[in-house]
Amino acid sequence: MATRISREELARRIAADIPDGAVVNLGIGAPTLVADYLPEDREIILHTENGMLAMGPKPAPDRVDPDLINAGKQPVTELPGAAYFHHADSFAMMRGGHLDVCVLGAFQVSQSGDLANWSTGAPDAIPAVGGAMDLAIGAKAVYVMTDLLTRDGTAKLVTECSYPLTGVGCVTRVYTDHAVFDVTARGFVVTELFGDTTLAELRELTGLELEEAE
Amino acid sequence: MATRISREELARRIAADIPDGAVVNLGIGAPTLVADYLPEDREIILHTENGMLAMGPKPAPDRVDPDLINAGKQPVTELPGAAYFHHADSFAMMRGGHLDVCVLGAFQVSQSGDLANWSTGAPDAIPAVGGAMDLAIGAKAVYVMTDLLTRDGTAKLVTECSYPLTGVGCVTRVYTDHAVFDVTARGFVVTELFGDTTLAELRELTGLELEEAE
Amino acid sequence: MIDKTVADIESAVADIPDGAVVMIGGFGRAGQPRELIDALIARRLQGLTVVNNNAGNGDTGLAALLETGAVRKIICSFPRQSDSWVFDRLYRAGEIELELVPQGNLAERIRAAGAGIGAFYTPTGYGTQLAEARETRRIDGRDYVLEYPIRADYALVSALTADRWGNLVYRKTARNFGPLMAAAATTTIVQVDHIVPLGSIDPEAVVTPGIYVDRVVALGERAWLRDGEFIGGVTVEGAPRARDHHDARPGGD
Amino acid sequence: MIDKTVADIESAVADIPDGAVVMIGGFGRAGQPRELIDALIARRLQGLTVVNNNAGNGDTGLAALLETGAVRKIICSFPRQSDSWVFDRLYRAGEIELELVPQGNLAERIRAAGAGIGAFYTPTGYGTQLAEARETRRIDGRDYVLEYPIRADYALVSALTADRWGNLVYRKTARNFGPLMAAAATTTIVQVDHIVPLGSIDPEAVVTPGIYVDRVVALGERAWLRDGEFIGGVTVEGAPRARDHHDARPGGD
Chain A
956 MATRISREEL
966 ARRIAADIPD
976 GAVVNLGIGA
986 PTLVADYLPE
996 DREIILHTEN
1006 GMLAMGPKPA
1016 PDRVDPDLIN
1026 AGKQPVTELP
1036 GAAYFHHADS
1046 FAMMRGGHLD
1056 VCVLGAFQVS
1066 QSGDLANWST
1076 GAPDAIPAVG
1086 GAMDLAIGAK
1096 AVYVMTDLLT
1106 RDGTAKLVTE
1116 CSYPLTGVGC
1126 VTRVYTDHAV
1136 FDVTARGFVV
1146 TELFGDTTLA
1156 ELRELTGLEL
1166 EEAE
Chain R
956 MATRISREEL
966 ARRIAADIPD
976 GAVVNLGIGA
986 PTLVADYLPE
996 DREIILHTEN
1006 GMLAMGPKPA
1016 PDRVDPDLIN
1026 AGKQPVTELP
1036 GAAYFHHADS
1046 FAMMRGGHLD
1056 VCVLGAFQVS
1066 QSGDLANWST
1076 GAPDAIPAVG
1086 GAMDLAIGAK
1096 AVYVMTDLLT
1106 RDGTAKLVTE
1116 CSYPLTGVGC
1126 VTRVYTDHAV
1136 FDVTARGFVV
1146 TELFGDTTLA
1156 ELRELTGLEL
1166 EEAE
Chain B
2 MIDKTVADIE
12 SAVADIPDGA
22 VVMIGGFGRA
32 GQPRELIDAL
42 IARRLQGLTV
52 VNNNAGNGDT
62 GLAALLETGA
72 VRKIICSFPR
82 QSDSWVFDRL
92 YRAGEIELEL
102 VPQGNLAERI
112 RAAGAGIGAF
122 YTPTGYGTQL
132 AEARETRRID
142 GRDYVLEYPI
152 RADYALVSAL
162 TADRWGNLVY
172 RKTARNFGPL
182 MAAAATTTIV
192 QVDHIVPLGS
202 IDPEAVVTPG
212 IYVDRVVALG
222 ERAWLRDGEF
232 IGGVTVEGAP
242 RARDHHDARP
252 GGD
Chain D
2 MIDKTVADIE
12 SAVADIPDGA
22 VVMIGGFGRA
32 GQPRELIDAL
42 IARRLQGLTV
52 VNNNAGNGDT
62 GLAALLETGA
72 VRKIICSFPR
82 QSDSWVFDRL
92 YRAGEIELEL
102 VPQGNLAERI
112 RAAGAGIGAF
122 YTPTGYGTQL
132 AEARETRRID
142 GRDYVLEYPI
152 RADYALVSAL
162 TADRWGNLVY
172 RKTARNFGPL
182 MAAAATTTIV
192 QVDHIVPLGS
202 IDPEAVVTPG
212 IYVDRVVALG
222 ERAWLRDGEF
232 IGGVTVEGAP
242 RARDHHDARP
252 GGD
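Chains as they are written, first to last, in this note's numbering: chain A, 956 to 1169; chain R, 956 to 1169; chain B, 2 to 254; chain D, 2 to 254.
In case anyone wonders, no lab produced these hints; they're calculated from the structure.
From the three backbone atoms N, C-alpha and C, an ideal C-beta is built for every residue, glycine too.
Among the clues, some could well be false.
[Claimed, not checked] Calculated cross-link-like contacts (lysine-lysine; reagent style DSSO-like; alpha-carbon spacing at most 27 Å):
| id | chain 1 | residue 1 | chain 2 | residue 2 |
| --- | --- | --- | --- | --- |
| 1 | R | Lys-1028 | R | Lys-1095 |
| 2 | R | Lys-1028 | R | Lys-1013 |
| 3 | A | Lys-1028 | B | Lys-74 |
| 4 | A | Lys-1013 | A | Lys-1028 |
| 5 | R | Lys-1028 | D | Lys-74 |
| 6 | A | Lys-1028 | A | Lys-1095 |
[To be verified] Here's a subset of chain D near chain B, in silico, CB distances under 7 Å, partners left out:
| id | residue |
| --- | --- |
| 7 | Tyr-92 |
| 8 | Ile-118 |
| 9 | Tyr-122 |
| 10 | Ile-140 |
| 11 | Tyr-145 |
| 12 | Ala-206 |
| 13 | Pro-241 |
[As the list claims (entries may be wrong)] Stretch by stretch, here's where chain B covers chain R in the computed footprint (C-beta under 8 Å, at least three residues):
| id | stretch |
| --- | --- |
| 14 | 974 to 987 |
| 15 | 1028 to 1041 |
| 16 | 1047 to 1054 |
Kindly generate the complete structure, drawing on both the sequences and the hints.
Structure follows, in structure tokens:
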């Protein structure tokens, strides 16, 4: 089995790709880890879809402010240069293509860049979508952060999503614990292999005809 | 010829119909006169479509502020309780039906409440519409302030407008120098006659089957 | 004279009838009109349609309203949460109807209602289950879904400060849906910490102009503020914080 | 580090090419980016499309830009004014194309461009000449016209204050189209009185977040302000006011 990298290492890897000056939305869950690894020499502005730019880290326990939370409803802080706005303005910012990067989790990503991350389609599940569909179609670059495989070993990179879609053809790049994949007109292109992972292994794990970056 | 009332008297008459607490937009031209006659015991909030509520009267000459103007691009002042907003918010306020009253001038008003006030349709005229169409369809009550007749004696109240329309079926009431007319499902209903004007005279001047209010 | 001040929270909601469509502001605890919701619960209404981002958390606020059986239908983007057990039970029992809307479309549909927009084409949700029954259109090479306004009879909103005209300012991310819902409802009822004299709110900083507000009720400063300054000492839910070891000081209370 | 400050106004507009679509903020003198327009004039460009509420007044600003023949087409709501003689002449000579848009639809179309809305149904203009070639639809008993976004390559905006991230506050009715155009253009260039240190602008009062702004250039305080306070003494066009008899005081200057 190929060497995998930890979730923290993956967060650091993604953070390294976010350029100075970028405006970024980090989705709920694992993607929020990316905030901890943003290079200190870069000024990166975090957006939270509940209405804020320049969100800062979580506060000290005695400085929790119920009026200052992120999209995951966790307490956060305000950095110099912050701005507040209402939900319509916040989602206009997303939908209008003004965010540079968003990082999202995924159940599945298809080779044409379709994303499924909001519902497993289980008949008894209670649905909930939040801002996932807006994030998926809104940012200039949509990065997915995910394990390559589910717990039962099924690949999350697929020919076509079987789970309900979040967005069509919207994913730019997929960062997994095994490798980094760009979504291109020719399908997934492997741009980086972690540890001793090989292209052949990835092909076997996913069953996809993966190309290697030139 | 029937007794007419002056433009100032007409402005006073319209002002008397604006209730305490109303939010009002006064169109460019004669309607701005209404502001001078608003009853002092009523709190009436003036909206200007270039982005302000609680617009005050014109400033002293040495207090003219180029950043504080009305829709006619004249200097105005700010009253306590004022708010500023951008053009999309301002016209959303109008289009969304949040203004209580607007007062507009007219070239023609039809018996079904169509308004023509932005263009005479002359082939060599340079067109300009501004916010007239938004005001016409936006306010809860649309009052027209106009002379009953043009300078050449043609009635401005008509069966059907011959000039290009500003809005369809949008006028609530027409205040003229001869009489006040409500626009109803049965056409114009005369609710008030000024001076010694008679209904018969109005019928003759307009050529319309005017009803009298019960 | 215009005075939208209402003396007490009960009278603020006294006329909401059975079957009303009620927008409730807030995202998490931030901007949630907790006291207005409690007053609404006390009305023991039936058949309400509620518009909110979520479908209630824990056993308070919107969840408590659902628990009373007052709500026939909820329009929201994110009902399922770790502590949405009240909604979960009602939904599984078929006792509440759900209209699930992507969060940005929810916000824009509420905005459209206030702004007099009849419908709009949005890219959000195109090609997904949530757009299945909807019209679509390709415009300039991009695919869009047609969405319609969401209007309400009443909006319950929480803001920081109001004046007697109903001009409002909010505080930080508590702004969220308040300005949108205030414009989309026939009657907008707002709870605030303080009502200040007319002219005290900077006209450049008014977020919701009073034209959108019908009633304001002042409830006093919330626990995490003192004289308008943030003092902390509460949980993210606004409850007094249980002290941990780091806070224990000799002689401290 | 993010620093959108541009040292001089000439470099701020140096890359605008022939044929660009340029939004220009302002309604009357208020919010008009006069110095940016002058810098644009100095570029001697050709074939521009300009989006503004008007089509120029007198012989300065936008009118002066038109006079140079740089503008192929103008999209606006109110071209004809008592002092729009430059536009009037060009229009009558067939030297400039006009797209006339009702003012609210102009604002909403610009807003739609920034907000990623593909098109929207507006009641404004229904049944009029200005909607003649457009799709219509009856929704809930009301008639609407379908309108599309207006996007631009560049926006020239005037605000009061910026920080190095491009967060902006405006002053009074000078706000008008600025926030909308900033969001609707690929590149937004802003002139301000002052650039203040990051963190100096109240986050509750930011009107245009820096995400919409690419360049800011500080020009110093305008004549009617001193240290941020209004001092008057100018005409509505911002020119020094000619003194009249009432101002004459013994010994006054």
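Minimum beta-carbon distance criterion (7 Å), D:Ile-140 to chain B: holds (4 Å)
D:Tyr-92 was flagged as interface toward chain B. Is the shortest Cβ-Cβ separation under 7 Å? violated (29 Å)
Hint check, D:Tyr-145 versus chain B [nearest Cβ-Cβ separation less than 7 Å]: holds (4 Å)
How about D:Tyr-122: closest beta carbon in chain B under 7 Å, or not? holds (4 Å)
27 Å limit on alpha-carbon distance, applied to hinted pair R:Lys-1028 and R:Lys-1095: Holds - the C-alpha atoms of R:Lys-1095 and R:Lys-1028 are around 25 Å apart, at most 27 Å.
Check whether the Cα positions of A:Lys-1028 and B:Lys-74 lie no farther apart than 27 Å. holds (24 Å)
Does the CB of D:Ile-118 sit less than 7 Å away from some CB of chain B? Because about 5 Å separates D:Ile-118 from the closest Cβ in chain B, which is inside the 7 Å limit, the hint holds.
Quickly compare the C-alpha distance for R:Lys-1028 and D:Lys-74 to 27 Å and report which way the hint goes. holds (24 Å)
Would the hint linking A:Lys-1028 and A:Lys-1095 be met if the CA-CA limit is 27 Å? holds (25 Å)
Closer than 7 Å between Cβ atoms is the bar; does D:Pro-241 clear it against chain B? Give me holds or violated. violated (26 Å)
Go check the stretch 1047 to 1054 of chain R versus chain B for me, would you? Three or more residues, Cβ under 8 Å, otherwise it fails. holds (count 8)
Check the hint pairing A:Lys-1013 with A:Lys-1028 against an upper bound of 27 Å on the C-alpha distance. holds (11 Å)
Checked against the numbered hints given earlier, the structure breaks hints 7 and 13 and satisfies all the rest.
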